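**Q** Sequence:
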Amino acid sequence: MLWRFRREVIFIVEMFLSVMIVKYHSVKIVDVENSHKEETRIINYKELIAENIRLKEILDIKKDTPFLKKTIIGQVVSIKPMVFPAEIVVNKGIDNDVKENMAVLSKDLFLIGRITKVDKDSASVMTIFNTKSKISVIIDSTREIGILEGGTIPLLSLRYIPSESHVKKGDRVLTSGYSEFYPKGIEVGEIARIEKSPDTLFLKIYVKPFSCISGLEEVLIGE
64 MLWRFRREVI FIVEMFLSVM IVKYHSVKIV DVENSHKEET RIINYKELIA ENIRLKEILD
124 IKKDTPFLKK TIIGQVVSIK PMVFPAEIVV NKGIDNDVKE NMAVLSKDLF LIGRITKVDK
184 DSASVMTIFN TKSKISVIID STREIGILEG GTIPLLSLRY IPSESHVKKG DRVLTSGYSE
244 FYPKGIEVGE IARIEKSPDT LFLKIYVKPF SCISGLEEVL IGE
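Sequential numbering of the sequence shown, starting at 64, is according to the numbering used here.
It is worth saying that the hints were derived from the structure and are not from the lab. Predicted model, so just to flag it, every value in this text is computed and none were measured. Fair warning: there could be bad hints in the mix.
[What the hints assert, rightly or not] Below, simulated BS3-like cross-link-like pairs (lysine-lysine); rule was C-alpha separation at most 25 Å, straight line: (1) 259 - 231; (2) 247 - 133; (3) 247 - 232; (4) 132 - 180; (5) 267 - 197; (6) 195 - 162; (7) 197 - 231; (8) 170 - 195; (9) 271 - 170; (10) 259 - 247; (11) 143 - 132; (12) 183 - 133; (13) 180 - 170; (14) 180 - 162; (15) 180 - 259; (16) 271 - 247; (17) 183 - 267; (18) 232 - 259; (19) 267 - 247; (20) 232 - 180; (21) 180 - 133; (22) 143 - 271; (23) 259 - 197; (24) 170 - 247.
Please model the entire structure based on the sequences and the hints provided.
**A** Structure, rendered in structure tokens:
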């Protein structure tokens, strides 16, 4: 009888301990879930602050764009491919008065590309890396006009600069204003490499873009 009583007591104690362990772990799980939710809220809050700072910077920059008659701030929603993208998509479209062939700039006012397709609330941008991209540009130091082409990743190819040119590495390249797409004076990049051949009338010049398109979050759309 005594042995039976002891077994029942042991059983009750084990049950009590099991309940306490389960309860302890349940509280721990709830604590972990609450902690994760709090971390997520903090991350979202920090991202919101960072986004507001970036937008404020762009709003301030808009005041310093005399070469653009109108500017629209857009957010990048898609980049293809992720490295040296040929196309990006922004969240502004017909409803925001975005039109085909409007220029697209980074917040540093460096050229990104131009709008090639517009939908109701989004638009596609052909970047300067695109093989179809051809831009009339001017070399700041020599004032010579050439055509800047995409397709030579990670650089751009500058054509039709005479072999007797005094262009040098590090010279800035800007939009010439002779294109129907781009206003004059937008910075594009700098001369990275120059190759000269006695058999050709033109230099082979490569330009390093100023803009880092892969890391874009906001852009300026203008005309």
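**Q** Compare the structure with each hint and give your call.
**A** Hints, one by one, checked against the model:
| no. | hint | result |
| --- | --- | --- |
| 1 | 259 - 231 | holds, 12 Å |
| 2 | 247 - 133 | holds, 14 Å |
| 3 | 247 - 232 | holds, 22 Å |
| 4 | 132 - 180 | holds, 21 Å |
| 5 | 267 - 197 | holds, 16 Å |
| 6 | 195 - 162 | holds, 19 Å |
| 7 | 197 - 231 | holds, 22 Å |
| 8 | 170 - 195 | holds, 24 Å |
| 9 | 271 - 170 | holds, 18 Å |
| 10 | 259 - 247 | violated, 28 Å |
| 11 | 143 - 132 | violated, 29 Å |
| 12 | 183 - 133 | holds, 19 Å |
| 13 | 180 - 170 | holds, 22 Å |
| 14 | 180 - 162 | holds, 8 Å |
| 15 | 180 - 259 | violated, 38 Å |
| 16 | 271 - 247 | holds, 19 Å |
| 17 | 183 - 267 | violated, 42 Å |
| 18 | 232 - 259 | holds, 13 Å |
| 19 | 267 - 247 | holds, 24 Å |
| 20 | 232 - 180 | violated, 35 Å |
| 21 | 180 - 133 | holds, 19 Å |
| 22 | 143 - 271 | holds, 20 Å |
| 23 | 259 - 197 | holds, 22 Å |
| 24 | 170 - 247 | holds, 17 Å |
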